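Colleague: One line per chain: the protein sequences are F and A, in this order. The first sequence begins at 74 in my numbering and counts up one residue at a time. The second sequence begins at 74 in my numbering and counts up one residue at a time.
Calculated from the structure, these hints are not laboratory results. Model, not experiment: these values are computed from the prediction. Some hints could be false.
Copies of one chain are not kept apart here, so a pair can be met inside one copy or by any two copies together.
[Stated by the list, open to error] Think about it this way: if two alpha-carbon atoms lie no more than 30 Å apart in a straight line, the pair counts; the simulated DSS-like pairs of lysine-lysine are:
| id | residue 1 | residue 2 |
| --- | --- | --- |
| 1 | 143 | 336 |
| 2 | 303 | 210 |
| 3 | 336 | 423 |
| 4 | 396 | 143 |
| 5 | 299 | 409 |
What follows is the residue order along each chain.
Protein chains: 2
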Amino acid sequence: MVKLENSKNIAMSDSIINLDHGDPTAYEDFWRKTGDRCTVTIRAWDLMSYFSDVNYLCWFLERELAEAIKELHGAVGNAATEDRYIVVGTGSTQLCQAAVHALSSLAGTQPVSVVAAAPYYSTYVEETTYVRSGMYKWEGDAWRFDKKGSYIELVTSPNNPDGTIRETVVNRPDDDEAKVIHDYAYYWPHYTPITRRQDNDIMLFTFSKITGHAGSRIGWALVKDKEVAKKMVEYIIVNSIGVSKESQIRAAKILKVLAETCKSETESFFEYGREMMKNRWEKLREVVKESDVFTLPKYPEAYCNFFGKSLESYPAFAWIGTKEETDLVSDLRRQKVMSRAGERCGSDKKHVRVSMLSREDVFNVFLERLANMKLNKSIDEH
Amino acid sequence: MVKLENSKNIAMSDSIINLDHGDPTAYEDFWRKTGDRCTVTIRAWDLMSYFSDVNYLCWFLERELAEAIKELHGAVGNAATEDRYIVVGTGSTQLCQAAVHALSSLAGTQPVSVVAAAPYYSTYVEETTYVRSGMYKWEGDAWRFDKKGSYIELVTSPNNPDGTIRETVVNRPDDDEAKVIHDYAYYWPHYTPITRRQDNDIMLFTFSKITGHAGSRIGWALVKDKEVAKKMVEYIIVNSIGVSKESQIRAAKILKVLAETCKSETESFFEYGREMMKNRWEKLREVVKESDVFTLPKYPEAYCNFFGKSLESYPAFAWIGTKEETDLVSDLRRQKVMSRAGERCGSDKKHVRVSMLSREDVFNVFLERLANMKLNKSIDEH
Chain F
74 MVKLENSKNI AMSDSIINLD HGDPTAYEDF WRKTGDRCTV TIRAWDLMSY
124 FSDVNYLCWF LERELAEAIK ELHGAVGNAA TEDRYIVVGT GSTQLCQAAV
174 HALSSLAGTQ PVSVVAAAPY YSTYVEETTY VRSGMYKWEG DAWRFDKKGS
224 YIELVTSPNN PDGTIRETVV NRPDDDEAKV IHDYAYYWPH YTPITRRQDN
274 DIMLFTFSKI TGHAGSRIGW ALVKDKEVAK KMVEYIIVNS IGVSKESQIR
324 AAKILKVLAE TCKSETESFF EYGREMMKNR WEKLREVVKE SDVFTLPKYP
374 EAYCNFFGKS LESYPAFAWI GTKEETDLVS DLRRQKVMSR AGERCGSDKK
424 HVRVSMLSRE DVFNVFLERL ANMKLNKSID EH
Chain A
74 MVKLENSKNI AMSDSIINLD HGDPTAYEDF WRKTGDRCTV TIRAWDLMSY
124 FSDVNYLCWF LERELAEAIK ELHGAVGNAA TEDRYIVVGT GSTQLCQAAV
174 HALSSLAGTQ PVSVVAAAPY YSTYVEETTY VRSGMYKWEG DAWRFDKKGS
224 YIELVTSPNN PDGTIRETVV NRPDDDEAKV IHDYAYYWPH YTPITRRQDN
274 DIMLFTFSKI TGHAGSRIGW ALVKDKEVAK KMVEYIIVNS IGVSKESQIR
324 AAKILKVLAE TCKSETESFF EYGREMMKNR WEKLREVVKE SDVFTLPKYP
374 EAYCNFFGKS LESYPAFAWI GTKEETDLVS DLRRQKVMSR AGERCGSDKK
424 HVRVSMLSRE DVFNVFLERL ANMKLNKSID EH
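Please model the entire structure based on the sequences and the hints provided.
Modeller: Structure, rendered in structure tokens:
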């Protein structure tokens, strides 16, 4: 049996652990070790205006954040930034809605269908339904989509929840009304091999999932078409009159350090992140292997242009399945582990999404409980 | 004739000045003089989680911000905070939408009518129409509203754009489906006498207009009803998964200092703000008096509980009218002054809204141009 590290937090042994959300607190230790290098100091009279750069299309984007974003994509090689507009958002959550809004408002007919291939990020459902907009309509699983007319396909790659590499599945190349939003929240070298420099029309990124700074609520979109970028900016103006400047300048500082150190063997965040994720995935796979109950997806190795070698994927979420007919989210809840139900992601009761980005002690408690579930099951069966 | 201070920025004499937005940069000088007292320092590993306080209804609200908000309202005496939920938002813009969404989702019939008495804050129109929600419908001027069924009245007091003190105008006291959102963005002692401690069901406040920190995008709602507060939180979760933690802790620090110093004769921001606004309003009134062309609203004096004496109002916007049949926003544009058209606020072409919160040099250039408009007009007439 796999040796599980004892949780230092004894009190936790009886408490509920929440792996439903992808709260990326796993990286706190790394940042603690960077000392003052990424510290920001903000004086009372700094950053008071609504405006950051009145001459730029996205006038509420701080220039230093725009520069840091370009530097980081350049250093990592995961996305093209030239000949594109950068739109900053209150997380990529706000940007995804801004993009759906922008594409819908420019579409010939409304409501525009919005689809994503199952299993999909469950929040897409909420984002596209909660205001009951007449401009677009959530139509669910892209694999089953056959409606005529304008549509938007949300492509998340690597995918949330299951970590697979995704392309569009509704392919209507001759259709002017076919639009795609690429969500690249997890297309970073600690999670997946960087196999190409993406250059799609609308690409979404989020600070949270790169470095773990979820509390800052910073995301950005790289947008080719000027009209689409303009409409996204208009959406964000009405939605929140721009984006926190404090978060922007902090993100700028951290992303700049990330870019500067990403090729260093001792200081690279991506090296650290990859090692941590590898370690967690190996432990999880061992627990799953020793059980006869659970399943995990397998990911092909691929050559990573960033690390210069062939590598595996270590997704930010584990997409855990069972071989038995059971309601896995309830089974886990009984073990005091909160996870996201597969059904919410357009899948079934036999699957759940579990965050791999919790603090180390929480992750270890999770593994213990998962291992015990198997044992309990065995006892039940005999 | 009123003596106008020469603008220090000579280059500005020919440039467009934008007083359309209420960018509150007027207060930068005050904050510059506070030195380090309000400086915040944020380390790389601070504020990483989505969560601030998992035991509080609004779990993304930083505790120190909640404390500072309560202290400040206590010290100023402008609003009751006890027995209410505090919901933080990305500006009161996001909160206003959250409140409309919450009340609509709890209403018996939909779409819920949304109204505000003209002249109203023009952004309310955009906020309630841009997503084309099926849950609520902007029905314009509350004075003319006579539809049956659920409705929400937005009451801004002091009012934006015209600075008047407002109460509800659609009064259906026996109607369970009658809801009110009170926007108290300007109910602070530098703008208006604090005549009572407000204790309405949903009260909105914004950091921007108190201290001038518009770039932080921080607002808060004081909400009596738990279900409404819950629905507002749900809206903000789907809209942006919470609110920037950096902005929250900076706002907390500044609001705390504001509360601690607000009774000091030498350090009080409200004393400073009131003097500055008084000075600007006196200059503006003198320019307007010397013209036969423009009009300004008159505000009654009232006893201010905060300052302990009878005081005038000095609103954050000037609601300028003309006695002649003209398109005032275009007239001002020809003088290179951007203002907000009265028509956008449910009023007419003869009115515009002009920000009183620009930097000092911009304000002085505005006065010069306004004075010249009168002179030019006189020349035309002779």
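Colleague: So which hints don't hold here, by number, going up?
Modeller: Hint check: 3, 4 fail, others pass.
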